[in-house]
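2 protein chains.
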Amino acid sequence: MNVIDEIKKRSVYVDKAIGELLPITEPVELYKASRYLPDAGGKRLRPATVILAAEAVGSNVNAVLSAAVAIELVHNFTLVHDDIMDKDGIRRGVPSVHVEWSEACAILAGDTLYSKSFEILSRIDCDPVRVVKSIELLSGTCAEICEGQWMDINFENRDDVGEHEYLEMVKKKTSVLYAASAKIGALLGGASDEVADALYEFGCLVGIGFQIYDDVLDLVTPEQILGKVRGSDLMEGKKTVIAIHAMKHGVKLDIFGSGSATISQIDEAVKILEDSGSIGYANDLAMSYIQRGKAKLDILDDSEAKDVLLAIADYMIERAY
Amino acid sequence: MNVIDEIKKRSVYVDKAIGELLPITEPVELYKASRYLPDAGGKRLRPATVILAAEAVGSNVNAVLSAAVAIELVHNFTLVHDDIMDKDGIRRGVPSVHVEWSEACAILAGDTLYSKSFEILSRIDCDPVRVVKSIELLSGTCAEICEGQWMDINFENRDDVGEHEYLEMVKKKTSVLYAASAKIGALLGGASDEVADALYEFGCLVGIGFQIYDDVLDLVTPEQILGKVRGSDLMEGKKTVIAIHAMKHGVKLDIFGSGSATISQIDEAVKILEDSGSIGYANDLAMSYIQRGKAKLDILDDSEAKDVLLAIADYMIERAY
Numbered sequence: 113m114n115v116i117d118e119i120k121k122r123s124v125y126v127d128k129a130i131g132e133l134l135p136i137t138e139p140v141e142l143y144k145a146s147r148y149l150p151d152a153g154g155k156r157l158r159p160a161t162v163i164l165a166a167e168a169v170g171s172n173v174n175a176v177l178s179a180a181v182a183i184e185l186v187h188n189f190t191l192v193h194d195d196i197m198d199k200d201g202i203r204r205g206v207p208s209v210h211v212e213w214s215e216a217c218a219i220l221a222g223d224t225l226y227s228k229s230f231e232i233l234s235r236i237d238c239d240p241v242r243v244v245k246s247i248e249l250l251s252g253t254c255a256e257i258c259e260g261q262w263m264d265i266n267f268e269n270r271d272d273v274g275e276h277e278y279l280e281m282v283k284k285k286t287s288v289l290y291a292a293s294a295k296i297g298a299l300l301g302g303a304s305d306e307v308a309d310a311l312y313e314f315g316c317l318v319g320i321g322f323q324i325y326d327d328v329l330d331l332v333t334p335e336q337i338l339g340k341v342r343g344s345d346l347m348e349g350k351k352t353v354i355a356i357h358a359m360k361h362g363v364k365l366d367i368f369g370s371g372s373a374t375i376s377q378i379d380e381a382v383k384i385l386e387d388s389g390s391i392g393y394a395n396d397l398a399m400s401y402i403q404r405g406k407a408k409l410d411i412l413d414d415s416e417a418k419d420v421l422l423a424i425a426d427y428m429i430e431r432a433y
Numbered sequence: 113m114n115v116i117d118e119i120k121k122r123s124v125y126v127d128k129a130i131g132e133l134l135p136i137t138e139p140v141e142l143y144k145a146s147r148y149l150p151d152a153g154g155k156r157l158r159p160a161t162v163i164l165a166a167e168a169v170g171s172n173v174n175a176v177l178s179a180a181v182a183i184e185l186v187h188n189f190t191l192v193h194d195d196i197m198d199k200d201g202i203r204r205g206v207p208s209v210h211v212e213w214s215e216a217c218a219i220l221a222g223d224t225l226y227s228k229s230f231e232i233l234s235r236i237d238c239d240p241v242r243v244v245k246s247i248e249l250l251s252g253t254c255a256e257i258c259e260g261q262w263m264d265i266n267f268e269n270r271d272d273v274g275e276h277e278y279l280e281m282v283k284k285k286t287s288v289l290y291a292a293s294a295k296i297g298a299l300l301g302g303a304s305d306e307v308a309d310a311l312y313e314f315g316c317l318v319g320i321g322f323q324i325y326d327d328v329l330d331l332v333t334p335e336q337i338l339g340k341v342r343g344s345d346l347m348e349g350k351k352t353v354i355a356i357h358a359m360k361h362g363v364k365l366d367i368f369g370s371g372s373a374t375i376s377q378i379d380e381a382v383k384i385l386e387d388s389g390s391i392g393y394a395n396d397l398a399m400s401y402i403q404r405g406k407a408k409l410d411i412l413d414d415s416e417a418k419d420v421l422l423a424i425a426d427y428m429i430e431r432a433y
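Residue numbers (the numbering used here), protein chains in the order written: chain X, 113 to 433; chain C, 113 to 433.
With the rest of the complex left out, here is chain X (with noise of 0.2 Å):
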């Protein structure tokens, strides 16, 4: 089974979905600036969750494609203030919503996305005490992505960030939303709660997987696969599993946090950072959680989807960028 196709044959009915949910009306200038990003690409990871969650318990794409469109917008959401908070000026390979319009512009597109998210999924047609239990799973999510945000601005001007909290922001920055794409395509796809628990779990570990792994990847991968500066996160003093390993066993790193640095530089970091084990133990910190979150699936009987779902846990890991 090819991943990259089995996301890709979902994700065509959230692209039209989003045109049809989410159609550029007055004021235009508003709705376009909102629609950019959706419209710039992205994996559409969440939404193919939602989809394939859905299947998983034995429903369909069209009873869940509203949800997934609204999970989708709430992700873009994310990304459009985080660019603005963190000043990003690019994401998806095209300038940043505020730098494409201003700051006040991005801030208002976000809060439309927003706003638009949970409209279209209170008109999901669903049983009510469904929708609602979705609706007050997605606005806990976004409150904790907030958090999670929060928690991650603040880690740059401290010294002392253990494990512990650093998954603990990961968890809330990155993972509880991916969780939320497959508890609500459970959900909303008629599971059992003990089933749309599960799923919520399968999608938490593997998301903090795939972080800790992202992190491995940003010191691994030779740059023309990754895409920008290897070891970008050593020079901005990001600390992740591997920094906080590394320091926790008395492991001195130039530099880190120096800003910039020479491959030679980082190719020595690197090197020290796998002969003190920090890379090993993140590589298989990653593993751990993905293998934690797959299992999690045992409660579902067999079903192509299913198998996707498992497919895209393992992906997370053994994607090379």
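Rather than coming from a laboratory, the hints here were simulated on the basis of the structure. It should be emphasised that the depicted structure is a prediction, and the values quoted were computed from it without experimental measurement. Each hint should be verified, as a subset may be incorrect.
Identical chains blur together in the list; that is why a pair holds if it fits in one copy or across any two.
Stated by the list, open to error - Simulated crosslink set (DSSO-like; lysine-lysine; CA at most 30 Å straight-line):
1. K128 / K245
2. K350 / K144
3. K283 / K199
4. K245 / K360
5. K383 / K128
6. K199 / K144
7. K144 / K128
8. K350 / K155
9. K418 / K199
10. K383 / K121
11. K121 / K144
12. K120 / K340
Model the placement of chain C on the given structure of chain X, informed by the hints.
Coordinates of chain C only, in the frame set by chain X:
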């Protein structure tokens, strides 16, 4: 009946419930930033209206208190983000959130308020069909508020804004949230769709009347009562109903959009706008909106809450500031 006292009676519940439903938890500083503006005061007109609408259809404060809090938090969310966009440094007599913390923190505090609003509303103990309807209305209203703010920002750079467009902007930026407050109180209080829709129309018309009268007050109220520079709308070149009427009738004002003016220049401009009938026109228009709004409440049986809602409508155009 003293309108302010009647609002106050209900806002006591709201103030207490905000503390319970939006507690200051980890990360403490994020929740402090989120609670800062709600705790800084405000008339609580919207949540009081949620409660009054519920009472007017035979329900009570306890049944709709979470919804009242959710709407007050949405209102505060819009203020926090608007102040960043409009670069307003003071709100409710204290420094704005982005001044007290930073723009990044204010974006995040606003997003947190927004997320919590929907989480709180989704957790209300009420028929789930009515909860979903309320969430659909509130999220759609939030999208309209974004549209209104976008229009307001863009009007600054245009000279051809007509009365119809101005009223459309005012409706979206200001009155739809007041209308949603009244309708959600009715919906969750068990009203029929017909009654709930009438309460929406009441809120919408009265809200527009309020804003038109606000523009009149900016010109005719002595500064010591107004609490800000009189005629600031004129100096900023704001396209109010008054300014649009004057322009349409060939009235030229030297200080319009000039950024500053002496007291005698403002007095002179007000005299010109009185002579051209522009102020009188706006005053009459505000009154007619209030009267049309009040008439929508004919659908309700007599009650104390109905009387308070009617008195609030009158208060909109009787207040001195």
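Cross-check of the supplied hints:
Within a single copy, K128 and K245 get their C-alpha atoms as close as 26 Å, and across copies as close as 26 Å, so both meet the 30 Å cut-off. For a Cα distance limit of 30 Å, the shortest separation of K350 from K144 across copies, 26 Å, qualifies, whereas the shortest one inside one copy, 34 Å, does not. In this assembly of identical chains, K283 and K199 lie within 30 Å of each other by CA distance solely inside one copy; the values are 22 Å within and 34 Å between copies. In this homomeric assembly, K245 and K360 never come within 30 Å of each other (Cα to Cα): the closest approach is 42 Å inside a single copy and 53 Å across copies.
Proximity of K383 and K128 under a CA criterion of 30 Å is satisfied in neither setting, with 47 Å inside one chain copy and 57 Å between copies. Taking CA atoms no more than 30 Å apart as the test, K199 paired with K144 passes in both settings, with 21 Å inside one copy and 24 Å between copies. In this assembly of identical chains, the alpha carbons of K144 and K128 lie at most 30 Å apart only when taken from the same copy (16 Å versus 41 Å across copies). With identical chains, the CA atoms of K350 and K155 are at most 30 Å apart within one copy only, with a shortest distance of 25 Å there and 44 Å across copies.
Proximity of K418 and K199 under a CA criterion of 30 Å is satisfied in neither setting, with 39 Å inside one chain copy and 50 Å between copies. With identical chains, the CA atoms of K383 and K121 are never at most 30 Å apart, being 41 Å at best within one copy and 68 Å at best between copies. For the identical chains of this complex, K121 and K144 are intra-copy neighbours only, at 26 Å inside a copy versus 44 Å across copies, given an alpha-carbon limit of 30 Å. In this assembly of identical chains, the alpha carbons of K120 and K340 lie at most 30 Å apart only when taken from the same copy (25 Å versus 57 Å across copies).
Hint compliance for this structure: hints 4, 5, 9 and 10 are broken, all remaining hints hold.
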